[in-house]
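> Below, each chain spelled out in residue letters.
There are 2 protein chains.
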Amino acid sequence: MRILLSLALVISGTAAAQTTVPAPIDAVDPMIGTGGEGHTFPGATAPFGMVQLSPDTDTSCEIRACYGHAAGYRFEDPTIQGFSHTHFSGAGHSDLGDVLVMPQAGEQVRLDPGDPRRPGSGYRSRFDHASEVARPGYYAVTLADHDIRAELTAGTRIGVHRYSFPAGRAAHLLIDLRTSLYNYPGKILWSGLHLRPDGTLTGFRETRGWAPGRKLYFAMRFSAPLTGHAFVDRDTAVAYKGFQGPGRGSDAVAEKLGRALEAQLDFGRLTAPLEVRVALSGVDEAGAVANLDAEPGGFDAIRGATAQAWAKALGAIEIDAPAPMRTNVYTALYHALLAPSVWSDADGRYRGPDDQVHVAKGFTFRSTFSLWDTFRAEHPLLTLVQPAQTTVDVVRSLVESRRHSPYGILPVWQFAGRETWTMIGYHAAPVIADAYLKGIRGFDADAALDAMVASADYAPYGGLGDYIARGYVAIDKEPEAASKTVEYAYDDWTIARMARAMGRTQIADRFERRAGYWRNSFDASTGWVRARLSSGAFRTPFDPTAINYGSDYTEGNAWQYSWFMPQDEAGLIRLLGGDAKAIAKLDAMFDYDNSKLDYSHAEDIAGLIGQYIHGNEPSHHVAYLYNFAGAPWRTQERLAQIVASQYKPAPDGLAGNDDLGQMSAWLVFTALGFYPVAPGSNEYVIGRPFVDRAMLNLPGGKRFTVIADGLSATNRYVAGVTLNGAALERSYIRDEEVRAGGELRFTMSASPNKLWGSGEAARPFSMSKR
Amino acid sequence: MRILLSLALVISGTAAAQTTVPAPIDAVDPMIGTGGEGHTFPGATAPFGMVQLSPDTDTSCEIRACYGHAAGYRFEDPTIQGFSHTHFSGAGHSDLGDVLVMPQAGEQVRLDPGDPRRPGSGYRSRFDHASEVARPGYYAVTLADHDIRAELTAGTRIGVHRYSFPAGRAAHLLIDLRTSLYNYPGKILWSGLHLRPDGTLTGFRETRGWAPGRKLYFAMRFSAPLTGHAFVDRDTAVAYKGFQGPGRGSDAVAEKLGRALEAQLDFGRLTAPLEVRVALSGVDEAGAVANLDAEPGGFDAIRGATAQAWAKALGAIEIDAPAPMRTNVYTALYHALLAPSVWSDADGRYRGPDDQVHVAKGFTFRSTFSLWDTFRAEHPLLTLVQPAQTTVDVVRSLVESRRHSPYGILPVWQFAGRETWTMIGYHAAPVIADAYLKGIRGFDADAALDAMVASADYAPYGGLGDYIARGYVAIDKEPEAASKTVEYAYDDWTIARMARAMGRTQIADRFERRAGYWRNSFDASTGWVRARLSSGAFRTPFDPTAINYGSDYTEGNAWQYSWFMPQDEAGLIRLLGGDAKAIAKLDAMFDYDNSKLDYSHAEDIAGLIGQYIHGNEPSHHVAYLYNFAGAPWRTQERLAQIVASQYKPAPDGLAGNDDLGQMSAWLVFTALGFYPVAPGSNEYVIGRPFVDRAMLNLPGGKRFTVIADGLSATNRYVAGVTLNGAALERSYIRDEEVRAGGELRFTMSASPNKLWGSGEAARPFSMSKR
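Protein chains in written order, with the UniProt record's numbering: chain A, 1 to 770; chain B, 1 to 770.
For the record, the hints were derived by calculation from the structure and aren't laboratory data. Wrong hints could be hidden among the right ones.
[Stated by the list, open to error] Ranges between beta-carbon positions, derived for each pair: (1) Gly199/B <-> Gly550/A: 28 to 38 Å; (2) Gln389/B <-> Thr271/A: 49 to 59 Å; (3) Ala644/B <-> Ala237/A: 43 to 53 Å; (4) Asp347/A <-> Gln389/B: 26 to 36 Å.
Given the structure is predicted, the values throughout are model-derived calculations rather than measurements. Here a beta-carbon is modelled for each residue, glycine too, at the ideal position from N, C-alpha and C.
Make a model of the complete structure from these sequences and hints.
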């Protein structure tokens, strides 16, 4: 409440007049990223909520088309197929889209979604963006073909629908358990519908998608009594139908099991809007019912509670900036507060990586870990804005997941408690180490370190055995060997850092050695990180611009990966021949003429500035590397170039997949003027702020304020920096300085201050700092 | 122990010399029924055990062939495919055959079962019946193609394998999760294998068979360490394979999920037999592990404990008879003690009819309820030989199942906690009423009666709404209407009886009225029970010999069903025109010339004596009906005819499906000289004994002894009967007389005593007793 009230009184940065600045929640535009490459969803969700209740415009996609519909909704689509309860925010690969609900009015209920290319066909409905409202925790749209106003809100484990049906026409809901995102044939393994005597509809679905054998349960209650219902199985390929239930030919079917189920629910003519409360559970239907009971209240009550929750969560940062930038940054913060989302039930039970039910004691089990993306800036951001609730939950969930992993290792890319083995590395390690090194407690650090070591020593994983034995992953034995080598080395460094801090010296020593293994994949003769054969030779032919699956690199090429040694950028610069050569190489990357390149065969390669690819993660720290070469003013220039070209307050405003908050967290940090190039270093590399003023509300009432004096489109350079009033000569700040509260004040100018941050002592952390 | 010792000293019925009679366990031949139509299995199981570990000779069957392989093993088959852990005893329809294990020796491990028509193909093995040993709780066979001696035993929730591999050859096990009984395409929905760090193999399978969406979990431990393993997915139709785990190309795969999984387990060269302990659970893998821990011990220990359990269970009846009959009856008792089997885990958790996990508090949840069969004699037998343990468990499980039924009604044909909706009626009602009326307590009688009423009033079920409204099920609205009408009326009578005994008068009055509804389906003009149209007319054309699915009758015709009013046989006889006409009609049934009839299109129509079909249940009480017409001597003749032709101590010794003990329970009762024609009446109709002497060991140390003085093949008639020394003139005895202990003594003779039991007062219970 304090936040909402205070923000309404904030004086805008211009200081010209007292104008009312919208509250953070009103500055968020969930439509950003729903077009273009963002893969975000516009629907309703609570912070880190288990439920993401959102419209799907097309679930009929084939493999290639699926990519664009990873979040179910594309801004440019003309129809809405229905509202489903689970969505990733900005994933490249996808799944989910569970329990699709579509309201219909009148006598005829359509059972098929129709063709997305033919608006008016099936149960889908045309809609007008002008009728849409998308706010944190609230979404509304008018379904033109059905003349129904649809509103959605969500709590932590529930979604609530409100449908206003046209007067005088019978109200129906269709529940389609056949639809799913990335719906490959055979994906739906089994599903069920149960109508309970008290009118609660429960059910489940097991899918074989990105997560193999994922189970999801739901419970649904209605504000009006059912006047009729029908459960239908649309499966035509059932060899054995068995006995069909007690009511042969009757409509009093309380249960239906199958692989292609739909429920038609009839409510007759209603005099008030129909509210539908839906809870999810990964455990069982009883869990879903209990989750429904755990969050009582009608549509408006849930909407209000979730608005409060969003106001609190977004209030972690108070921002003054012109409206477009303020919208960009608050929307980015919003997107950064969606995952890792809650997965345990209200009673603590959750389904873990072994598909068994466990109980989270003293914490909330989180899942949706897109760790290859999020270890970079998303988790470091959460250590500042959600240190207690989310970060501790995350660490405990990671360690618990390792306990229940069939392989005894930490999650790689986990959702719904299930491991998907997507992407590379063991980046749960930097997430845990970063939290621990920043002083965040509330978990068993020894168990956490043991889990990190177990993951780093699990030989069968991605060539790790070879990496441990030779110091690098050999490309003739394992694909993407160059990327794996350098990412493993970074992860190893974070393990060493945490072990050192804990006094577990043997582990620290061993992993410090491994942290240097990035050099084994560095070709000093050419200056590239490259894949080596087991013979020791670098693989040829070599093309630093090639991006292919199973190639030497992971979703990238030598241009991006040759900068991936966050723990030792100084070491790299020395190998490259010093600052000037390093700066020249960085410039060559940004200024590369890519007009002849075609990366359309590779997913998530978007947002290109030369060979800098902002739409994908390997580039994310690269603009900040000029600081390591003593040229922060060049970082400042590149950041202006990136922010201007890669973010805008529009549906196509994200240059690439938001990747569960990583693209967004990059912007939040960058807008504040600093960025965690090497999580685990406890340092943030200073770039330049993009907001006039920002205040981080930290635990214990502490505040860390960033002020950008004189900031404008012209004044894009940092003339000088003070920390708590004293001049700051180094081009980084320490996490403890932020966490202590204080003021970081930038003086912006139109011309660069090439001296600031240029000295050796000013440069950020590096293992082999000169 | 007492039983084992005392039986060794029993003097045989001939009294000629003191000969040692084998203990009951040694008189059981589990091979009986494994050929012919019996559908029993020869493998190892404990009394009412969750695990039935038994060889499968052919799981590759197509629909029609499946029928003969309902229990996995057919005596005439030349090969064994493997040993799986779940089997029905004598079911007509089938499912199960879960977690098939096959040992193999040598370097080459075969992954496919081969063709049952081509011995020597695949991993299946030829075998010689001479190498087989089948005993209660123990089975052994030599797998000739692999030179492996295989032994099986079982506890309550575990099976234990012991394999003696040929010296000097590598030992392997193949676990094939693809195989199943009644294995229709698409039956296996999903399955998983997990190798845990401690060497425990766990896994699960979900199948869409007779029970829709049945889940079964297992845990497996080995007496020797694994030297290697491979999990393979043989599914060729996977559209989306996703990411395949952490160990690309590695053999260190700890987990595999899919629809066609196999595990190859390697043990190297062993110097001792390999023991494999396997537990099942319907709850989860942790439940299976806990069940494994709950029954510790190696092969010999489990075998010994289960032999003790069988000695105790079979010791409920001590029998003197010539060896063939003794084998027949003890094997029948053995078969009667297999179901309803344990379904809850050692910790009480079980998966119920709603597919959710519940906890059985204070009882063991039982499943495998073949109620249409077993309400007749199997459950009444259990009230005598297992009144406390099994009968109370059964009643509580039925009532609990109703609580968790999506329809709020009692089980119809349930196994693994899942309803299959097989057969007709609500025959849980007579099971519960029979137990209650016999004074068995330990359950909530009011909740039980409420459940019975709810089931009887559930309008959508099998035309019940129509039955309630008109007094009969109308054949133009519901198939098998004649059978349904008369079976409902009998079930209603049992509800009335229990309600009356409890003082719940309104229910008693209402259901007493309904108990007379059998008359609404009786055509007095022809003397047949027939199906009526909703117009009131009997359906034509009418052929009393026709047996068809969906016809007027259920697995039968007018010949059998015209006798189905166990609650009111006197009323029937009056409608038929009196004793002489009833006897003539009974004789016409038994003496019918069926040589021109072909019932091969209908399952389970076997064991024909005219139109009396002993292989299926509707006939089971019919031979006893002469007693109701004052002619017990005719019953005595017919029983001799049935026993001689329908039971023998040989693999094809059962005339029809044992139906989870009903065929067997018929023989146990009949051998003792009495039979429960109308469970709920607390009366047993006296036939004639087939054993020289039998002693029922009842609770509290009471004993009820049956003695057949002068019994021989010639002396097949009852000359007279005494009960506790006093002449018994009536042709029935009361349950309380049995339960009190005492002596029922028959004097057998070569000629009938037509006077005995002929008077009106001598006749058994009937609603409208004259």
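> If a hint holds in the structure, say so; if it doesn't, say that too.
A quick look at each hint next to the structure:
1. Gly199/B <-> Gly550/A: 28 to 38 Å: For Gly550/A against Gly199/B, whose Cβ atoms are near 34 Å apart, the range 28 to 38 Å holds.
2. Gln389/B <-> Thr271/A: 49 to 59 Å: 57 Å, holds
3. Ala644/B <-> Ala237/A: 43 to 53 Å: 50 Å, holds
4. Asp347/A <-> Gln389/B: 26 to 36 Å: 34 Å, holds
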